[in-house]
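Engineer: If you want the building blocks of each chain, they are given just below.
There are 8 protein chains.
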Amino acid sequence: MDPTDPRTHDLGFARVDVDRAARTGDPEVVLGQGKRPEQVVALLRTLHERHPDRMVLATRLGPEALDLVAGELPDAHVDEVARAATLGPPPAPRGRVLVVAAGTSDAPVAAEAALSVAAHGAGVARIDDVGVAGLHRLLAVRDELAAADALVVVAGMEGALPSVVGGLVGVPLVAVPTSIGYGASLGGVSALLGMLNSCAPGIGVVNIDNGYGAGVLAARIARQSAR
Amino acid sequence: MDPTDPRTHDLGFARVDVDRAARTGDPEVVLGQGKRPEQVVALLRTLHERHPDRMVLATRLGPEALDLVAGELPDAHVDEVARAATLGPPPAPRGRVLVVAAGTSDAPVAAEAALSVAAHGAGVARIDDVGVAGLHRLLAVRDELAAADALVVVAGMEGALPSVVGGLVGVPLVAVPTSIGYGASLGGVSALLGMLNSCAPGIGVVNIDNGYGAGVLAARIARQSAR
Amino acid sequence: MDPTDPRTHDLGFARVDVDRAARTGDPEVVLGQGKRPEQVVALLRTLHERHPDRMVLATRLGPEALDLVAGELPDAHVDEVARAATLGPPPAPRGRVLVVAAGTSDAPVAAEAALSVAAHGAGVARIDDVGVAGLHRLLAVRDELAAADALVVVAGMEGALPSVVGGLVGVPLVAVPTSIGYGASLGGVSALLGMLNSCAPGIGVVNIDNGYGAGVLAARIARQSAR
Amino acid sequence: MDPTDPRTHDLGFARVDVDRAARTGDPEVVLGQGKRPEQVVALLRTLHERHPDRMVLATRLGPEALDLVAGELPDAHVDEVARAATLGPPPAPRGRVLVVAAGTSDAPVAAEAALSVAAHGAGVARIDDVGVAGLHRLLAVRDELAAADALVVVAGMEGALPSVVGGLVGVPLVAVPTSIGYGASLGGVSALLGMLNSCAPGIGVVNIDNGYGAGVLAARIARQSAR
Amino acid sequence: MDPTDPRTHDLGFARVDVDRAARTGDPEVVLGQGKRPEQVVALLRTLHERHPDRMVLATRLGPEALDLVAGELPDAHVDEVARAATLGPPPAPRGRVLVVAAGTSDAPVAAEAALSVAAHGAGVARIDDVGVAGLHRLLAVRDELAAADALVVVAGMEGALPSVVGGLVGVPLVAVPTSIGYGASLGGVSALLGMLNSCAPGIGVVNIDNGYGAGVLAARIARQSAR
Amino acid sequence: MDPTDPRTHDLGFARVDVDRAARTGDPEVVLGQGKRPEQVVALLRTLHERHPDRMVLATRLGPEALDLVAGELPDAHVDEVARAATLGPPPAPRGRVLVVAAGTSDAPVAAEAALSVAAHGAGVARIDDVGVAGLHRLLAVRDELAAADALVVVAGMEGALPSVVGGLVGVPLVAVPTSIGYGASLGGVSALLGMLNSCAPGIGVVNIDNGYGAGVLAARIARQSAR
Amino acid sequence: MDPTDPRTHDLGFARVDVDRAARTGDPEVVLGQGKRPEQVVALLRTLHERHPDRMVLATRLGPEALDLVAGELPDAHVDEVARAATLGPPPAPRGRVLVVAAGTSDAPVAAEAALSVAAHGAGVARIDDVGVAGLHRLLAVRDELAAADALVVVAGMEGALPSVVGGLVGVPLVAVPTSIGYGASLGGVSALLGMLNSCAPGIGVVNIDNGYGAGVLAARIARQSAR
Amino acid sequence: MDPTDPRTHDLGFARVDVDRAARTGDPEVVLGQGKRPEQVVALLRTLHERHPDRMVLATRLGPEALDLVAGELPDAHVDEVARAATLGPPPAPRGRVLVVAAGTSDAPVAAEAALSVAAHGAGVARIDDVGVAGLHRLLAVRDELAAADALVVVAGMEGALPSVVGGLVGVPLVAVPTSIGYGASLGGVSALLGMLNSCAPGIGVVNIDNGYGAGVLAARIARQSAR
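Residue numbers (UniProt numbering), protein chains in the order written: chain A, 1 to 227; chain B, 1 to 227; chain C, 1 to 227; chain D, 1 to 227; chain E, 1 to 227; chain F, 1 to 227; chain G, 1 to 227; chain H, 1 to 227.
The reader is advised that the hints may include incorrect statements.
[As the list claims (entries may be wrong)] FRET-style restraints, in silico, Cβ to Cβ:
(1) G/R142 <-> H/A146: 34 to 40 Å
(2) F/H77 <-> H/G62: 27 to 33 Å
(3) E/D53 <-> F/Q33: 48 to 54 Å
(4) G/A147 <-> E/R50: 30 to 36 Å
(5) H/E144 <-> D/P89: 53 to 59 Å
(6) G/H77 <-> E/Q33: 28 to 34 Å
(7) D/A146 <-> A/H77: 29 to 35 Å
(8) E/Q33 <-> H/D67: 28 to 34 Å
Keep in mind the hints are simulated off the structure, nothing from the lab. Just so we're clear, the structure is a prediction, and the values are computed from it rather than from any experiment. For glycine and all other residues, C-beta sits at the position ideal for the given N, C-alpha and C.
Please build the complete structure, drawing on both the sequences and the hints.
Structural biologist: Written out as structure tokens, the structure reads:
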């Protein structure tokens, strides 16, 4: 491998894909899980140096990583609820994403999704705690749902919210199952299966608790809807 | 074993539990699956002889069994959609059960549930095709839902209908997942998991496609609600 | 969304469904899992203010939440075995639910079920430690089982108790699998499957360890049986 | 329920949601699975009468249903590979979707996706047989991938194609796992899991073999990208 | 491999383990599943020639294999219910096994178990249709259960019968789950899990529908109990 | 329930089945899992008082329970490897059980099995570390295997040892899968499935890590083999 | 895509990867599953034209495809047991692979593996019916096992054979689980799990029934061992 | 068992298979999981005494075991990343293995594989962080891949890397799924399934996170390729 290939940047423990923004329009993101705090800091710093004009993102950070980022990178923005950090100015938002969550316990995943939307260049708003057991809360926001360029719908337990939202409006919808629940929720698998089997069409599903992936997809949809 | 025990009736291939009505208030029912058509006929006939005043029921009958029952037991009522047959007069209905189904493909299970309710002594009505992707259909029947003594809610795919119904009314609710779906529906397991993880409380779930079991439970609830 | 909608009450982190009692006859309940102790206290207080005449309930509370509730809400009743707390006077009981548990290790789930029954307006009694490996203990209480308006049957491991009880009496039966067991119990999935496949009809099953949901369903059945 | 409600149309066996186009921009589609051929014909005819200006679609049709549609509805277009039929003129296409398939055996699902895109108002093109074991075939079409408004990527077996495509371009991507494979493919579950766990972000996944759902989502994305 | 090794006998398509009786006390048995009818006949004939004094057994025979065995081996005994055939005189029975089955649909597995017991040298009796939903039928045979040297207990659905029997008597018990059931019975997996998690100790479980394996184990226990 | 029923003994938190020895020949055993240390001590003491002449057993004890038993019941014997404790003199051994384990990590389960055999009245010996990857170790003990009245065979990972032992000797064999392994061992499920699908007949399987259940079954077989 | 790219050959329904031999040393193989018989014939013919000097292979052919190949391609060799066909002369064999199978029912998979080895340029021999329940059959061929350059070990049910072989010799071993079995064999998943969890190291596992994949890997190992 | 059998060495708690090197060419390895630190030290010491001329290996060591090994065996080499230790000089390397890893989080498994290759007598090199979402990184090392005698390919999440590598080169390939991922990665099961279903042939898969087993197989292939 050619260490001078400008498309990669070798940190010793990692080979940063600095070419990704050229290929896909979005820079690489640091997945904090399984990485040591100092690796997170080094990766964030490297990505920031390569993309000084555009916010870079690190997700799935534990308390130690959040602390070290705050200490070592004073310009970083740390989001405790989303368990994430960013560095650099956000891109100008194009289009508008609405992040909808079923319950208060889904807040961390919804926050990660919203932050990821912003970091990937779309506008974002949130509506929380509109689970299907209280339909009037959801029906009250129908117009807001219909006005978005893309929806991110976050729910645990039986994961029914995307089906109901997808029957109300025809906006492109990204569904995020969460691991909220117990027993037969099987760590989020029940919500995941519910969303995959939705009787409403036009729903794309991401991995359990994957607010980040949902945010990227929704941002890409919203951005090009606004072009 | 004492072959003269009046609580059982030995047919050679089966030992009919003729005491069940005394213990539980309901006679034994013939589960047709895995039985030969002539066994179904013999069991129906025996149960009818022991319970001449009360409809007896056979479920999960294949085409051959339905035909043989119709031929051998001219007084039997055969329900092709429910894949079931009854013999004898229905009990006087007490209370009222509403059977609600999400899609047209759920009709066989809903029919089995409704027939089982009637055979177990409660009144029954049905509302079909009110899936969660078209909420206005469901909201239009909210008063009917609230007026029942018990609800049987039948749905396949993601199985979200019980959650939405359970958030609209506080009537005792029996949920029946069906095997309608494909791929990640896993033969009805996804709908089953969805119902078990419902965010609305007060929902009891039965086995996949088990309209019979749901009908028995709903009838028992409705009967005693009317006493 | 209209923040002045009287049907919801916005706490910032949660949107309380204060309309639920009007729709379903029962107020919303605080599911403590995944919520911070101070959120539990705030939610309990809000629900109590909206329903001062009727006991409100919080379940799945960890030790910290139980402590904070006891400290912050001196009028609350804390049930350490059920890992739950209530605030406000219990509704006058209508009808009678019997909670039956297979083993001593099932006590927390049985306690949660019993407390939920009481909070939802039905009378309640308990019978513990009557597993199927000692049938004489169960047969000795057959008359008590038959006299109830609804049964909640709690069991872990192979989950056979509902089948045996359901063969003894025809009372509406809510079965609760517990996560008690090891190895092939798969965290309660085996007990759940056993209950769903019961050869006795008329059994509604709830999620693993879901004493609360079982209590709500049983209370609703018992209440209307007594009207 | 009000039978004169203009938002539903009661066929006896089904309650057609003719209001869906008003809510979501797209008319209801007939899911042929589990329906009798004459039901399929009646539903297609009803939907066509309500939406004479816009193609309506029936999917998952068996040979008998395809034959009956061809016989009873001479104006219908029958697509044998996609196992689907349409009636009425296609909407004017807005935006452009590219349907990419890994192997020749994935053709039926890719064809269903492409037909669904067209019926939902977007332009569509296909690239087949570009599995990851022959990367040069995929790299040769990189520019075509990048030029689309939305991608539908269809693959069975290990389902790796979306990961590779998602690393090459940043176009919104809908991934469809297929049931092609054997043994540990578990009827498409392995491909589904592969796509959900993709290391490339921005991928929304639909149910196994669900070309229809993928087509609807991709068409919605492409349509609004062209507005 | 030495083709003259007296411990194996090469049939071209199979290498018969004629030494097995010397090692384990029991000759090899022909598992018919996956073998062609003429292979079954050849294997039965070979085993009979090597063990002329002792019944040899073929199990899991389809209709064609049963017919060919009957035609080609006139001395064979064909058991249509057990889907099995034997050749040669049964060993003198030592000890006594009781085969207990929960439902009439379990008869084929119970019959295979009983035949296997007899072929492996123990006496055998059967009690059928004593499922746990009718306890009086089981309690009526308690003395018979206690008098056996070994029990084979056969049940499908929730598989609760071994738990109840194992709580009534302390006889060595071999439990056989069957594939009888539907939906969440998962082809017998639920019954299997139920038996493995039994709250009664002293139960050994075999594969789903494996009457043969249970019969061998029970016969070995009974034989040595009588020595 | 009659609190004076001599067949049960009410401890407040538990109803001890003191009649079990009369029914099954063996007293009840304390399953420590899910019980508090002081409950374990109280149950052991009660069982000992009812069965002063016969060792009683408590299994699955955590470090705190082991310590409290040692402190509160000085006559108890504590087995740290087996995580178990006994109280009272062992019954005179009848027959002989051999406990065979595949690896050193299986020692706790093998120890629990051996202790359970002794507590249930049979003689016991152990052979450890004879996994199938080193067949000479197993072949060297073939005569010892053949001389036992019953075998308990303990193995984790692929669980192949019972198949190999069951092909060497015809002794009744109880197989115990253990949770030793990682990744695709799925907490012992792979070993369990391996044992259930053994190509050697005559093997009864118990739950994962259930040395106790295996010991009871093996002891019952050995005891009656010696009568 | 450039239709003149010499690395692919477009058949209309498929894009043949004729460059594969240059990249990997082996030509593409036709996987018959999911393809129509005439597609199989066209693909075999095309591959043969591109590789006239080297045998090309089609696997997983149904009876119709086997017949059409025999009729349309008279020079093809059809292997009914392996359900496969070849066209063209076999490569000169380098190195030696031994294919070992546990039972007679595993013959189709073993035959596919052996044919694949030959088509990929290594010598091959077979040993059948050496299951672990008759160890003497396996021990008798230990020297043959040790002399091979690579082993393919085929087994269904518990899949224990690779563990035992892998403990006897240190030859590179490719394990193939088969779908032979019933009940808890879960269509070969149990054998697959057994092989993945083998206590003997140095075993690579392929998909259930994937004799082809195992043959390719073993041939590559054997070929380079002989260079 | 003969304690003087030179093929085993009894440590009290374990029976070391010191004959393994004679049978398979490689000495036994200490699997640290489930063993106490002092057992690890004793086993390493014993194996080293028996194989003084050849490196012996202990894997899956926790921090305590790593510390005790370092303290008690000063000649040992401790690899913190691989969580492993070796004692004695490495064998002279024959042939060359390349260990390829998809992400930085896969480093511990890749390190275990590389160390195992070296301990089993082959040369080894590593390439890290070449996941399929950045193909240019992989294409840049194609020649290095093709030059190896065997490849170990390590990946978590969707596990697609072996498919892509196996389509680029025809080198014998051992695939190692890792437990890196979350949600639907199911602890590595998704990556495992992806590798088993690879559309590229010639891939042997080992257990999740089993770098050791992959290293042994790859070393054996490489060694004999160089003979």
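Engineer: Give a verdict on every hint.
Structural biologist: Hints and how they fare:
no., hint, verdict
1, G/R142 <-> H/A146: 34 to 40 Å, "36 Å, holds"
2, F/H77 <-> H/G62: 27 to 33 Å, "31 Å, holds"
3, E/D53 <-> F/Q33: 48 to 54 Å, "51 Å, holds"
4, G/A147 <-> E/R50: 30 to 36 Å, "32 Å, holds"
5, H/E144 <-> D/P89: 53 to 59 Å, "56 Å, holds"
6, G/H77 <-> E/Q33: 28 to 34 Å, "30 Å, holds"
7, D/A146 <-> A/H77: 29 to 35 Å, "31 Å, holds"
8, E/Q33 <-> H/D67: 28 to 34 Å, "54 Å, violated"
Hint check: a violation occurs at hint 8 only; the rest are consistent with the structure.
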